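Number of protein chains: 2
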Amino acid sequence: MADGVRLAVVGSTGAVGQEMLQILEERNIKIKDLICLADPREEGTKLKFKGETLTVKGASADSFKNADVALFAVDSNITKHLEPLAKQNNCVVIDNSSAYRLDDNVPLVVPEVNPHDIEWHKGIIANPNCSTIIMAVAINPIHKAAGLKRVVVSTYQAVSGAGVAGINELDEHVNSHLNKSEMIPQTFQYPIAFNLIPHIDVFTDNGYSKEEMKMVNETRKIMNTPELKISATAVRVPVYRSHSEAINLETEKILSVEETRRILSDSSGIIVQDDPTNNIYPMPLYTSYKDEVFIGRIRKDISSDNGLSFWVVADQIRKGAATNAVQIAEIVVDKNLY
Amino acid sequence: MADGVRLAVVGSTGAVGQEMLQILEERNIKIKDLICLADPREEGTKLKFKGETLTVKGASADSFKNADVALFAVDSNITKHLEPLAKQNNCVVIDNSSAYRLDDNVPLVVPEVNPHDIEWHKGIIANPNCSTIIMAVAINPIHKAAGLKRVVVSTYQAVSGAGVAGINELDEHVNSHLNKSEMIPQTFQYPIAFNLIPHIDVFTDNGYSKEEMKMVNETRKIMNTPELKISATAVRVPVYRSHSEAINLETEKILSVEETRRILSDSSGIIVQDDPTNNIYPMPLYTSYKDEVFIGRIRKDISSDNGLSFWVVADQIRKGAATNAVQIAEIVVDKNLY
Numbered sequence: 001m002a003d004g005v006r007l008a009v010v011g012s013t014g015a016v017g018q019e020m021l022q023i024l025e026e027r028n029i030k031i032k033d034l035i036c037l038a039d040p041r042e043e044g045t046k047l048k049f050k051g052e053t054l055t056v057k058g059a060s061a062d063s064f065k066n067a068d069v070a071l072f073a074v075d076s077n078i079t080k081h082l083e084p085l086a087k088q089n090n091c092v093v094i095d096n097s098s099a100y101r102l103d104d105n106v107p108l109v110v111p112e113v114n115p116h117d118i119e120w121h122k123g124i125i126a127n128p129n130c131s132t133i134i135m136a137v138a139i140n141p142i143h144k145a146a147g148l149k150r151v152v153v154s155t156y157q158a159v160s161g162a163g164v165a166g167i168n169e170l171d172e173h174v175n176s177h178l179n180k181s182e183m184i185p186q187t188f189q190y191p192i193a194f195n196l197i198p199h200i201d202v203f204t205d206n207g208y209s210k211e212e213m214k215m216v217n218e219t220r221k222i223m224n225t226p227e228l229k230i231s232a233t234a235v236r237v238p239v240y241r242s243h244s245e246a247i248n249l250e251t252e253k254i255l256s257v258e259e260t261r262r263i264l265s266d267s268s269g270i271i272v273q274d275d276p277t278n279n280i281y282p283m284p285l286y287t288s289y290k291d292e293v294f295i296g297r298i299r300k301d302i303s304s305d306n307g308l309s310f311w312v313v314a315d316q317i318r319k320g321a322a323t324n325a326v327q328i329a330e331i332v333v334d335k336n337l338y
Numbered sequence: 001m002a003d004g005v006r007l008a009v010v011g012s013t014g015a016v017g018q019e020m021l022q023i024l025e026e027r028n029i030k031i032k033d034l035i036c037l038a039d040p041r042e043e044g045t046k047l048k049f050k051g052e053t054l055t056v057k058g059a060s061a062d063s064f065k066n067a068d069v070a071l072f073a074v075d076s077n078i079t080k081h082l083e084p085l086a087k088q089n090n091c092v093v094i095d096n097s098s099a100y101r102l103d104d105n106v107p108l109v110v111p112e113v114n115p116h117d118i119e120w121h122k123g124i125i126a127n128p129n130c131s132t133i134i135m136a137v138a139i140n141p142i143h144k145a146a147g148l149k150r151v152v153v154s155t156y157q158a159v160s161g162a163g164v165a166g167i168n169e170l171d172e173h174v175n176s177h178l179n180k181s182e183m184i185p186q187t188f189q190y191p192i193a194f195n196l197i198p199h200i201d202v203f204t205d206n207g208y209s210k211e212e213m214k215m216v217n218e219t220r221k222i223m224n225t226p227e228l229k230i231s232a233t234a235v236r237v238p239v240y241r242s243h244s245e246a247i248n249l250e251t252e253k254i255l256s257v258e259e260t261r262r263i264l265s266d267s268s269g270i271i272v273q274d275d276p277t278n279n280i281y282p283m284p285l286y287t288s289y290k291d292e293v294f295i296g297r298i299r300k301d302i303s304s305d306n307g308l309s310f311w312v313v314a315d316q317i318r319k320g321a322a323t324n325a326v327q328i329a330e331i332v333v334d335k336n337l338y
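Chains C and Y are the protein sequences, given in the same order.
Residue numbers 1 to 338, in full-length UniProt numbering, belong to the letters of the first sequence in order.
Residue numbers 1 to 338, in full-length UniProt numbering, belong to the letters of the second sequence in order.
Careful, some of the hints might be misleading.
Unchecked claim - Rough simulated footprint, nothing fancy, chain C against chain Y, three-plus residues with beta-carbon under 8 Å:
#1 143 to 155
#2 190 to 199
#3 223 to 237
None of these hints come from the bench; they were simulated from the model.
Just so we're clear, the structure is a prediction, and the values are computed from it rather than from any experiment.
Idealized CB from N, CA, C, for every residue including glycine.
Full structure from sequences and hints, please.
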């Protein structure tokens with residue numbers, strides 16, 4: 001293993017897959033072989049990696065024979081089809097889809113929160129939902145310090161959460177608006193330029209969307225807090241990249257703003273940008289293409305004795321997906337868990 | 001008075017003043033004389049009203065001699081300068097600025113909530129902050145039915161909340177983005193196209209912005225609930241018109257979703273748009289230029305036994321400002337309170 005891991009990226013031509021390659025270039029994970037896989041229709045596509053040209057292969061049963069670890073950036077159905085093929089070949093899967101996230105036999109991991117859960121994996125490790133990763137990084141340090149009782153969160157989610165199609169649709173709708181022509185929705189339910197859509201993923205019987213329920217159920221699993229009370233409202237906004245979240249917490253122990261700021265500043269993966277009177281707070285335009293979770297507007301919640309409010313922004317394609325998956329791969333490789 | 005009221009509009013050339021004229025055209029308030037006032041530099045500007053051309057006059061001590069009621073759509077400093085001149089002439093002021101909103105001698109009124117407070121006015125009636133009006137219309141019926149214990153709200157506020165300058169700045173920044181030139185902020189603190197800015201009005205010592213504290217203090221006064229616990233996060237979003245709010249409530253009495261929906265549907269000034277599985281929920285693109293407050297995504301808050309969550313959208317220039325002021329004027333005229 002001294003000469004590195006044989007790594008496959010499945011869905012290497014998509015938004016998250018592309019970002020995974022970019023992050024693998026930037027970081028120190030030692031790769032012996034990099035295998036780029038995608039839909040067979042994309043076979044032959046050329047991708048650049050560290051100055052070399054790689055050729056995309058269609059994913060098949062043979063694809064995983066020479067791979068130790070595979071990063072999956074495909075949808076749940078494709079994951080369910082390909083994951084058994086990886087398993088047959090003893091290739092550890094780190095999966096960005098929602099297919100196995102709530103499976104009791106599959107660890108769901110945010111490296112800043114529960115890296116230890118990687119150790120008990122049985123061949124597959126799930127990467128959480130993007131909004132969930134961002135929130136978990138932000139609230140876990142507060143939970144460790146003061147015990148969380150309740151979380152109320154409203155999201156402001158970028159169009160790239162819906163992939164390249166989401167970015168293109170915002171572009172098109174902005175142009176339609178400028179040309180005074182009709183904005184025709186395809187990826188989203190309604191026009192997204194200069195609008196807000198309180199609808200991400202499908203709705204469940206309790207009136208919450210699946211996206212909102214992921215923030216409840218996945219956070220509970222990641223933080224090992226099965227009873228934690230969480231309520232989320234997920235809203236799509238006309239921003240290209242980086243999800244934002246207004247988070248309101250109630251804690252068991254009362255924390256001062258100063259303690260909260262210190263705890264968050266000292267936590268891995270977090271950058272505190274919090275000096276509002278000098279116009280310092282996180283914004284999606286400035287957190288994009290970065291790996292950290294940015295937190296500002298930290299204040300005592302005036303409506304609760306043990307409440308805190310803050311504003312969290314992070315690049316949901318990087319920390320919310322690709323970076324988190326690569327971080328998991330680094331731990332798998334470092335600890336020889338493949 | 002049978003032949004109508006002598007009505008002045010102060011700030012008649014601005015975004016809210018213009019909207020007031022539009023609403024006066026649409027509604028049944030009987031006007032004998034309409035006096036359009038503005039900054040003396042705008043004297044001579046021509047405005048259309050019901051097919052007639054009106055000439056704007058510079059506001060001065062004499063302006064209010066022939067007015068019974070004046071709608072003020074100017075900033076606090078100008079209000080403070082002009083209001084005594086109106087008072088000298090027994091002209092009742094309905095003021096959209098924040099100058100007198102929290103003054104114990106001034107009623108602060110949302111007609112759907114506290115129309116009775118108009119009766120004790122002493123010459124001036126304050127029109128609340130836009131986000132506050134929208135929230136008060138939405139939450140007051142729940143308070144009457146079940147008693148509110150706590151409100152947590154995150155706003156998604158349109159650029160026209162900063163007037164015509166805000167609209168122009170979003171236009172300019174969208175064009176800069178398309179031309180790959182720099183977005184230069186003037187009205188807002190940062191570029192607003194494809195961005196979110198968690199900063200509206202200045203910040204106060206407790207870490208909340210003034211906009212957020214208006215939603216606390218004004219709501220308490222309007223609803224006559226001085227102890228009501230409220231926490232707000234106010235965020236500027238790249239939407240032209242209509243403010244949106246994700247609202248989370250805790251009530252004394254438990255209300256079902258069906259009861260909540262019925263109570264809200266039966267309440268004055270509210271339109272319930274709530275069938276998410278059929279993609280029915282309010283959005284700013286479709287609530288603009290309307291007078292009602294639109295509510296959807298009504299659901300039991302799964303993080304609280306006595307909690308409710310919903311999503312509220314309304315045109316903040318109309319119901320959040322001009323419509324509300326005209327409704328107050330109608331009551332003043334109807335009840336002969338001038």
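Going down the list of hints, with the structure as the test:
1. 143 to 155: holds (count 4)
2. 190 to 199: holds (count 8)
3. 223 to 237: Result for this restraint: holds, n = 6.
Checked against the numbered hints given earlier, this structure breaks none of them.
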